[in-house]
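Novice: The chain contents come next:
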Amino acid sequence: MYYQLINFGNEEFHAYPNKSLYWKRLNTLIVSDLHIGKSISYAKNKQFLPPYDTKDLLNKIFVSLDKIKPRNLIIVGDLLHDVFSTLSLKDQDYKNLSQYMKNTDFIWIKGNHDKNIQIEGFKNFTNYKIEKFLFTHIPIETPLFQICGHYHPKVKIVHRGKTIFKTSFVHNEKIFILPSFGILTGGLDIHSKEISDVLGKKNLNIYPVGQDKVYKL
Amino acid sequence: MNINKSNPLLLHPLNKWMNKKKWSWFPHQIETFLHVRTGSDVVVFAPTGAGKTLTGFINPIDDLIKLKKFKGLHTLYISPLKSLANDIVRNLEKPIKELDLKISFQVRTGDTTPYKKQKQKQKPPNILITTPESLALLNSYENAKEFFFNLKYIIIDEIHTFLDNKRADLLSLNIERLQTFSPNLQRIGLSATLKNKQDAKKWLCRKKPKIVSYENSVLPKIKILESKERIPWSGHMATYSINEIYKEIMKSKLTIIFVNTRAQAEYMFKNLWLINKKKLKIAVHHGSLEKNLRLKVENNLSKGLVDCVVATSSLELGLDYGDVEKIIQVGAPKGINRLLQRVGRSNHNLNTPSKAILVPTNRFEFIEAKAAIEEIKNNNLDKIDLKEGSFDVVAQHIFATACAGQFNINNLYSEIIKAYPYKKLKLNDFKQLINLIQDGGYVLKNYDQFKRIFQLRENKNIYKLVNKRETRKYRMNVGTIIENPMLKIKLGTKTLGNIEEVFIQNLSQGDSFIFAGQVLEFQSMKNNLVQVKRSKSLISKIPSYSGGRMPLSTNLANSVRTLLAKSSMWDLYPDQITEWLKRQKNISKIPKKDEYLVEQFLRKKNFYTVIYTFAGWHANQTLGFLLLRGFKEFDYKPLGFVANDYAIVLWSLKEVKEIKKILNIGLLDKHLDNYLEETSMVKRLFRDNAIISCLIERRLPGMEKTGKQVLFSSDLIYTVLKKNEPDHILLKSSYEDAKKNMIDYDRLREILKKIDKKIILKKLTSISPLAVPIILEINRENLSKKETDEYILEDLENEILKEANVLSIN
Numbered sequence: 001m002y003y004q005l006i007n008f009g010n011e012e013f014h015a016y017p018n019k020s021l022y023w024k025r026l027n028t029l030i031v032s033d034l035h036i037g038k039s040i041s042y043a044k045n046k047q048f049l050p051p052y053d054t055k056d057l058l059n060k061i062f063v064s065l066d067k068i069k070p071r072n073l074i075i076v077g078d079l080l081h082d083v084f085s086t087l088s089l090k091d092q093d094y095k096n097l098s099q100y101m102k103n104t105d106f107i108w109i110k111g112n113h114d115k116n117i118q119i120e121g122f123k124n125f126t127n128y129k130i131e132k133f134l135f136t137h138i139p140i141e142t143p144l145f146q147i148c149g150h151y152h153p154k155v156k157i158v159h160r161g162k163t164i165f166k167t168s169f170v171h172n173e174k175i176f177i178l179p180s181f182g183i184l185t186g187g188l189d190i191h192s193k194e195i196s197d198v199l200g201k202k203n204l205n206i207y208p209v210g211q212d213k214v215y216k217l
Numbered sequence: 001m002n003i004n005k006s007n008p009l010l011l012h013p014l015n016k017w018m019n020k021k022k023w024s025w026f027p028h029q030i031e032t033f034l035h036v037r038t039g040s041d042v043v044v045f046a047p048t049g050a051g052k053t054l055t056g057f058i059n060p061i062d063d064l065i066k067l068k069k070f071k072g073l074h075t076l077y078i079s080p081l082k083s084l085a086n087d088i089v090r091n092l093e094k095p096i097k098e099l100d101l102k103i104s105f106q107v108r109t110g111d112t113t114p115y116k117k118q119k120q121k122q123k124p125p126n127i128l129i130t131t132p133e134s135l136a137l138l139n140s141y142e143n144a145k146e147f148f149f150n151l152k153y154i155i156i157d158e159i160h161t162f163l164d165n166k167r168a169d170l171l172s173l174n175i176e177r178l179q180t181f182s183p184n185l186q187r188i189g190l191s192a193t194l195k196n197k198q199d200a201k202k203w204l205c206r207k208k209p210k211i212v213s214y215e216n217s218v219l220p221k222i223k224i225l226e227s228k229e230r231i232p233w234s235g236h237m238a239t240y241s242i243n244e245i246y247k248e249i250m251k252s253k254l255t256i257i258f259v260n261t262r263a264q265a266e267y268m269f270k271n272l273w274l275i276n277k278k279k280l281k282i283a284v285h286h287g288s289l290e291k292n293l294r295l296k297v298e299n300n301l302s303k304g305l306v307d308c309v310v311a312t313s314s315l316e317l318g319l320d321y322g323d324v325e326k327i328i329q330v331g332a333p334k335g336i337n338r339l340l341q342r343v344g345r346s347n348h349n350l351n352t353p354s355k356a357i358l359v360p361t362n363r364f365e366f367i368e369a370k371a372a373i374e375e376i377k378n379n380n381l382d383k384i385d386l387k388e389g390s391f392d393v394v395a396q397h398i399f400a401t402a403c404a405g406q407f408n409i410n411n412l413y414s415e416i417i418k419a420y421p422y423k424k425l426k427l428n429d430f431k432q433l434i435n436l437i438q439d440g441g442y443v444l445k446n447y448d449q450f451k452r453i454f455q456l457r458e459n460k461n462i463y464k465l466v467n468k469r470e471t472r473k474y475r476m477n478v479g480t481i482i483e484n485p486m487l488k489i490k491l492g493t494k495t496l497g498n499i500e501e502v503f504i505q506n507l508s509q510g511d512s513f514i515f516a517g518q519v520l521e522f523q524s525m526k527n528n529l530v531q532v533k534r535s536k537s538l539i540s541k542i543p544s545y546s547g548g549r550m551p552l553s554t555n556l557a558n559s560v561r562t563l564l565a566k567s568s569m570w571d572l573y574p575d576q577i578t579e580w581l582k583r584q585k586n587i588s589k590i591p592k593k594d595e596y597l598v599e600q601f602l603r604k605k606n607f608y609t610v611i612y613t614f615a616g617w618h619a620n621q622t623l624g625f626l627l628l629r630g631f632k633e634f635d636y637k638p639l640g641f642v643a644n645d646y647a648i649v650l651w652s653l654k655e656v657k658e659i660k661k662i663l664n665i666g667l668l669d670k671h672l673d674n675y676l677e678e679t680s681m682v683k684r685l686f687r688d689n690a691i692i693s694c695l696i697e698r699r700l701p702g703m704e705k706t707g708k709q710v711l712f713s714s715d716l717i718y719t720v721l722k723k724n725e726p727d728h729i730l731l732k733s734s735y736e737d738a739k740k741n742m743i744d745y746d747r748l749r750e751i752l753k754k755i756d757k758k759i760i761l762k763k764l765t766s767i768s769p770l771a772v773p774i775i776l777e778i779n780r781e782n783l784s785k786k787e788t789d790e791y792i793l794e795d796l797e798n799e800i801l802k803e804a805n806v807l808s809i810n
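Residue numbers (our numbering), protein chains in the order written: chain Y, 1 to 217; chain R, 1 to 810.
None of these hints come from the bench; they were simulated from the model. None of the values given here were measured: they were computed from a predicted structure. You may find that some hints are simply not true.
To be verified - When the alpha-carbon atoms are kept at most 20 angstroms apart in a straight line, the in silico EDC-like pairs for lysine to aspartate or glutamate are as follows:
id, chain 1, residue 1, chain 2, residue 2
1, R, Lys445, Y, Glu173
2, R, Lys566, R, Glu521
3, Y, Lys90, R, Glu500
4, R, Lys526, Y, Asp197
5, R, Lys355, R, Glu470
6, Y, Lys44, R, Glu93
7, Y, Lys156, R, Glu470
8, Y, Lys156, R, Asp511
9, R, Lys593, R, Glu470
10, R, Lys97, R, Asp41
11, Y, Lys213, R, Glu470
12, Y, Lys201, Y, Asp212
13, R, Lys723, Y, Asp212
14, R, Lys383, R, Glu158
15, Y, Lys156, Y, Asp197
Stated by the list, open to error - Distance ranges between label pairs, derived from CB positions:
id, chain 1, residue 1, chain 2, residue 2, range
16, R, Lys526, Y, Phe122, 37 to 43 angstroms
17, Y, Ile206, R, Gln576, 55 to 61 angstroms
18, R, Lys526, Y, Val63, 57 to 63 angstroms
19, R, Ile760, Y, Thr163, 32 to 38 angstroms
20, Y, Ile206, R, Gly666, 40 to 46 angstroms
21, Y, Tyr100, R, Lys117, 57 to 63 angstroms
22, R, Arg469, Y, Thr163, 33 to 39 angstroms
23, Y, Phe122, R, Lys661, 38 to 44 angstroms
Beta carbons: idealized from backbone N, C-alpha and C, even for Gly.
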């Protein structure tokens, strides 16, 4: 799989087109904002999205784990969309998950969507520190380098008279924001107020995600 | 007109009024009256000015007077446009008030206040004038049956506009519903002259079907503006002729200038005001303007308080603004029927010819205007093709039915297949649509606890809405017209109208643009509101609206092709047109009637391939998509294409060396199957389908979704569905729509079958005169393909690397 090399906090990370981030030195895979069960949570409002997102998401994760075999999997928040989400997890899904947990340490950082939800066998944290890096859903005041999610960043590109939006990895000197790993999840412009408040407007490193490749702007 | 002594209309309540006005009855009015009186459903074909509206009301008024103080709703009048509905009220008011007839009548459209609507439901008028969408809404109320049970007549005005689109499907289903409520209901259709009258009859009539037809022998006087100025090679704004257009306005009492797009309307309006030294009263009218602005213009027009109105198709239909003296059509006529319809807006008097001036905005349009005038002389009208009904409209109708109360699916199915567009609807497809409304209709049954409608335990054929809240969601989503995502424009606290989100996205704070005839400065965008202030800027953009694009009719396209190749005619054209064609002949070639010219050249780092098919926009659009795939297969790295009615232009990063190997019948065979599944066109159609079938909402009660979100989530749904459930009914529905939209597919196939022997390939060093118009359309290119995105990203990345003096090793 093609990846884009990203230097952040004097460490090398690999950004994959499936929207995951890999920290090779520590054999750690990082994903964010899966929003498992978004479809079923919408269905309660009679918005009938195709009910395949949970299955597809788990597959996507399992494929990554099979390929990379990481020691750690860090989910930087919003693994689940809401309390209804667990309705879409079947017995077999739990079995598969515990199978993978044998070789990989799952570190589930709680996000705003799933802070009150528990899944048996899942360790969860509000944030998680490794060396000089803090993994958290929404960035906080800290001297540490932070790797987080929450914002589902996408970038607006105007080129040759055409405007396109692309999901992106984005970071400044101190804060790294992952794109959403989800399937039915939308995005937020990296120049929106919400993201600017966190990253500022200047000196952003932006990595739009293409079909089979992560680009660098 | 001769009045037959035995004319039964001499005893009609309106006869006194006719006498007072010194008007006499038309033969087709008498004929219609007799047919309807003896229980026939009738379609009346008559030109503008032949008392069409009155024809529809003759029987209802007669009946209402005879019935004396009839209580409740007696006649429903369906109009395709809100503005037309208002106009009908104005016209009906005159005789009814002057004769003091005890008949009540009201209008009900999306513009009617909730208070008025509520009153209408409690105390319905005898005659209700409304639109297909408002009818659908009325049918979704619990008391719909009581409201309509005594309905005697339904009149469909401008029925020719209702034959070939999803609105027609919606209307047909709702007419059948009315027929169920009131089995004696009679149908009257009013139509402009049509080539295929039998089709309109089949669509509408059930009881003793009859056609009544009246042809006008007075031909309209149409000419092309004789301009001393230079007709530009390209463009759509007619700036060159603005002074001459102004002179034409001065010559006539009241002029309507018809343009083809809202952007053109704004531009024309602005430019006329810039030269308006005589302080003429000039107004603008188009569908994006706020209701009050539109109504004001319509009122001023009917009272003759303006000198000129610049309008889009929003003023095209049936309106009876008697004093309009002249029509100016700026831009391509596009079709014979359409041009006749527009020209008919002037001189609502049968014995004097309508007067119209055509202003071509570029040289291609000159040829098209010439051709259109020829075809009108030959009375060669365009055919309107009936279409099979779309699935998504049935889904919406099922939802509406559920809102009105519990229903039996067998009864509903047999009612639906009575509607002409749904004669062939399969029971199995219908059941899938029931499931779609119930819970999305997915194979994976995940939503058992969240259904929208459910089967009764005691009778599995009866379905019921889960809760009342859902009715509100239906009502927010009713209708089949899906506009592009639009944002409201606010000047202070005043709303000016709606603008496409895409346009705003390309603006930065401080940019100015023209809307509602004013130069405005973009300040900010919050939620769905675009805040603007007045600007004095001279440089301003004009919003473009991609919706409602009319393709050049096949009929007229053929005529254009023939005319272009007739070099013996060239010398009769203005010098500049002659020169343009001669120059094309020198630099490249003028294709003969059965030849296909292909030009290739390098421009601004991209390689361009222009193909002149004259196949009409639909076929060219399809061909463009297929060629993109073909180019990709040969690794030419295509970036995009633009099609217009005459030609297609594709541009690519690499030179297209083997065009003849791609442009042949193999292109269809190789790529058509995948084409439907992979184009953004199907994605767009899926979005429409998902909204129309109420799978996703365009607006949620209390929370207005921005258009972008709808677009986004429908794309995601499409992708997930295609991967997991390729046989889902909504995907099927989208593919069907795609095929229907490609109405020129057969013709494209015919062209591709023989094209390889008739390609004339010209490698040029620069753009040819014929290619200029289409090259300039590239800015409006609307293609959004994943692969194209990739090339743009790649290209941008390379450019940046080069700027940074870093070599790209990839």
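Novice: Taking each numbered hint in turn, which are not upheld by the structure, reported in ascending numerical order?
Specialist: 1, 2, 3, 5, 6, 7, 9, 10, 11, 12, 17, 18 and 23
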